[in-house]
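2 protein chains.
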Amino acid sequence: MRRDEALLTVFETVERLRHYHAAAGLMGWDMQTMLPPGGVEARAETMGFFGAESQRLLTEPTFVAALERLEAEGDALAPEERRMVTVLLRDVRRLQKIPPERYRAFHVLAAKGESIWREARAENDFGAFLPVLRELIQLVREFIDYLEPAGHPYDALLDQYEPGLTVERVDALFRPLREALPRLVALAASGETPDRSFLKGRFPKEAQRALSLRLSEAIGFDHRRGRLDESAHPFTMGIEPTDVRITTRYFEDDPFSSLFSTLHEAGHGIYEQNLPTSLARYGLMAAASMSIHESQSRFYENVVGRSLAFWRYAAPIVAEQFPALAGVEPERLFRAVNVVTPSFIRVEADEVTYNLHIVLRYELEKALFAGELEAEDLPAAWNAKMEELLGLTPPDDARGVLQDVHWSSGLFGYFPSYALGNLYAAMLTEALLRDLPDFHERIERGDFAPIRAWMTEHVHAHGNRYDPPELLKRATGREPDPAPLLRYLEDKVRAVYRL
Amino acid sequence: MRRDEALLTVFETVERLRHYHAAAGLMGWDMQTMLPPGGVEARAETMGFFGAESQRLLTEPTFVAALERLEAEGDALAPEERRMVTVLLRDVRRLQKIPPERYRAFHVLAAKGESIWREARAENDFGAFLPVLRELIQLVREFIDYLEPAGHPYDALLDQYEPGLTVERVDALFRPLREALPRLVALAASGETPDRSFLKGRFPKEAQRALSLRLSEAIGFDHRRGRLDESAHPFTMGIEPTDVRITTRYFEDDPFSSLFSTLHEAGHGIYEQNLPTSLARYGLMAAASMSIHESQSRFYENVVGRSLAFWRYAAPIVAEQFPALAGVEPERLFRAVNVVTPSFIRVEADEVTYNLHIVLRYELEKALFAGELEAEDLPAAWNAKMEELLGLTPPDDARGVLQDVHWSSGLFGYFPSYALGNLYAAMLTEALLRDLPDFHERIERGDFAPIRAWMTEHVHAHGNRYDPPELLKRATGREPDPAPLLRYLEDKVRAVYRL
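Respectively, the protein sequence lines represent chains A and B. Here the first sequence is numbered in the numbering used here, starting from 1 and rising by one per residue. Here the second sequence is numbered in the numbering used here, starting from 1 and rising by one per residue.
Keep in mind the hints are simulated off the structure, nothing from the lab. Treat the hints loosely; a few may be bogus.
When chains are identical, the list treats them as one kind, so a pair holds in a single copy or across two.
Capping the alpha-carbon separation at 25 Å, the derived lysine to any residue pairs in SDA-like fashion look like this [stated by the list, open to error]: (1) 205 / 491; (2) 205 / 229; (3) 385 / 373; (4) 205 / 228; (5) 205 / 250; (6) 473 / 498; (7) 97 / 16; (8) 385 / 494; (9) 385 / 343; (10) 97 / 286; (11) 205 / 321; (12) 205 / 230; (13) 385 / 172; (14) 97 / 229; (15) 205 / 252; (16) 473 / 62.
Model, not experiment: these values are computed from the prediction.
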């Protein structure tokens, strides 16, 4: 095969994959937001088909030969071409090891899982979820066997969401968190507890939605190239940079839960909307990893959305939607949304204990795929870990092991991305503050554009050009490190608790 | 190739096509209901890709060889297998004649067209729609050249929506309508004009939606296997029998426009929900033709929905949603929704003049593809035909040539399906009345199940097993004939106008 033929073959498959992913993305979004209940089975079959098709395309012999032909070119390729070949071959070599019928079965099951989980959680019935969970774990264990990771079995899963990530690296990053965070919880407990009494009341869904729309637009999510809908578990689906869909959920007894979910998903959405279209033909119009993705969502949810400056900006807008909060000063709002206290639900957790929720899931998943734990052991193991890490025991499984959607969709190995995202967000924030020292003044004025522009320049615009450590090195000059996150969290606790 | 190998090859492609169609159906639905405006371009590209993929699959040499191998078996095949081969070869031989790059270009353009039309209609700006319309007509003319129809060029288009349909057959069926309908309009004018004054007022969208949900469910549309949404032009998308999506649109100054659109689409939807899943593997879990499809929608919209019996049933339900109509007797409602009078908008037209709207579009399309008319001539030609057939001149293009979505999506040759649908609905109704003489009493009691069951037995359950004339022959014992429709319409006019 000639080099230009090989390139043409690869570009053609990349284009096909882009359309497949757009279709599969829409089907996935629809499944969680619009699909009538009777349609789940058929949709799962179609999603399984498209999952299998992607594998078939990526392992098709002419395509693989073309990639290998190009790999041999080494530095003779343009940088984007080389990166394209590297990224695709990573996927190809992974997928070649997995039997197609098992891969398809996994996709069908993962597509069905969400609706089974949704009902099980609503009914607080772990038993109803157990059969599908067991089968998913079984399939994923099988895949690990096919993949034969050199180190810990769980490495094979971590690697899917951040290439090259291992148990060894995660342990090294999480150990300082696991040690320091309980000290921060204790520090908070020694301070002045913020008043939350004014958050009681009824806050109509329509007003919450208006607030979510307004503030997500303000921070830079473009609603002409996106939507905001409702789902059982908030998520973002980037179908194309011009079609990015975020969701939230509304609790009428809580004014801000939906807003923080929206800001989180809008952070993901802003990343997706600002991916470089010029890299589409190389298949690199994509995030660098899920942990980098979470750095963007957690940045907008917390570093921006839970800052005092943000509440100075947002207070009058909040008052428009919730007249009951019209008299509340920004600092009281800021303190109220930053209360540090162990709680049951990860997505509702404060920034400090949030990371302990992740450590919990990480340690359970690690044990699960080391064969030290079975699906049926999860509720008890969950509750024991909650007691160990947060000093709480969930009153039921809906507020325990059933709270997250991820496992129902076969997403094992994903959770560490959230804590890594926090860690990366703090590193990026320190770098950003060097370039934009008036960061907080700008937030207070509602001038979010330069913040978005900085993130686009240093993160979004690179697409999948670099692996996360290299991307971070370029953006911050540093290696992944939990210190900035711990500094940021301690400052936050001191400000909120007046220490 | 052995026979069983050939069958396996065909079954596999049929399954792939089913998943492709499900994905394309969802994308099409989403485009008209959910897609953010910025996403149109990318979506059109993806839809073009999937259109091209279907053509590629259907013309793939091994698949075509398998079909031809099976065709040679003739009666040695099971009846479903034979029908499958016939139906697929019809498509294959059509698609083989069209160059793939042109077919793809058509699909991209047809996908973009709807949003361009939507804006042009909103702005009453035919000029904004003209370039895309011209290009679509150009492409369709090209396709006709490739297809080389034996008779009138327009035959090539009619045949897409009802196999074997020709200008000759449509002319023969429409001529009696073109002659008799103006006489029925005059007959109505000689009677007692129904009072419509109570239809004035403001009817909140939410109440209209509640009514649409309730009454579509009542007639047999299953909302657990379907949805009701809003779009600029109402439509139905059958993604799977378990996932059928209908849309309507709401005008707050009109209580029943949305309801009739909903009943119409629910008729389509009931057809789609009751297709035979056992025929899916043969690719025959599909409607017999678009005209048979329209027979179902027009049946529920008009034969059921505009009957006196229906308004006796619906009046109390209507009163719940629209308190202002609480005192109005069923007969007054019945007469008000059946006023026969020439008007501008097809989908709002009464049952008599409706067919003249179709004759208009049919004659324009026929001229267009005979080369007697160009895209830029359409507004003037439209207005002249309106004057000729209905004695009216539209005040603007939004209420004239721009009113329908079809051309913007490249649907040329579709319109006759509506009048044929009316004609077939009347034939089916006469047959149904023989089996269910208490048809109207059942409607009045809200007992719609036996009506739905009759239609399922005689129409839905056959899927695409028979071409329309054979299906009708089996259901009614007759050849396509306009007489039942004219009888039905004259009875309606006499009842409404007290003649």
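Right, here's what the structure says about each hint:
no.: 1; hint: 205 / 491; verdict: neither (33 Å within a copy, 51 Å between copies)
no.: 2; hint: 205 / 229; verdict: both (12 Å within a copy, 20 Å between copies)
no.: 3; hint: 385 / 373; verdict: within (13 Å within a copy, 76 Å between copies)
no.: 4; hint: 205 / 228; verdict: both (13 Å within a copy, 22 Å between copies)
no.: 5; hint: 205 / 250; verdict: both (6 Å within a copy, 23 Å between copies)
no.: 6; hint: 473 / 498; verdict: neither (34 Å within a copy, 85 Å between copies)
no.: 7; hint: 97 / 16; verdict: both (22 Å within a copy, 24 Å between copies)
no.: 8; hint: 385 / 494; verdict: neither (27 Å within a copy, 78 Å between copies)
no.: 9; hint: 385 / 343; verdict: within (13 Å within a copy, 71 Å between copies)
no.: 10; hint: 97 / 286; verdict: within (24 Å within a copy, 38 Å between copies)
no.: 11; hint: 205 / 321; verdict: both (10 Å within a copy, 23 Å between copies)
no.: 12; hint: 205 / 230; verdict: both (11 Å within a copy, 21 Å between copies)
no.: 13; hint: 385 / 172; verdict: within (20 Å within a copy, 79 Å between copies)
no.: 14; hint: 97 / 229; verdict: neither (38 Å within a copy, 44 Å between copies)
no.: 15; hint: 205 / 252; verdict: both (6 Å within a copy, 24 Å between copies)
no.: 16; hint: 473 / 62; verdict: neither (36 Å within a copy, 52 Å between copies)
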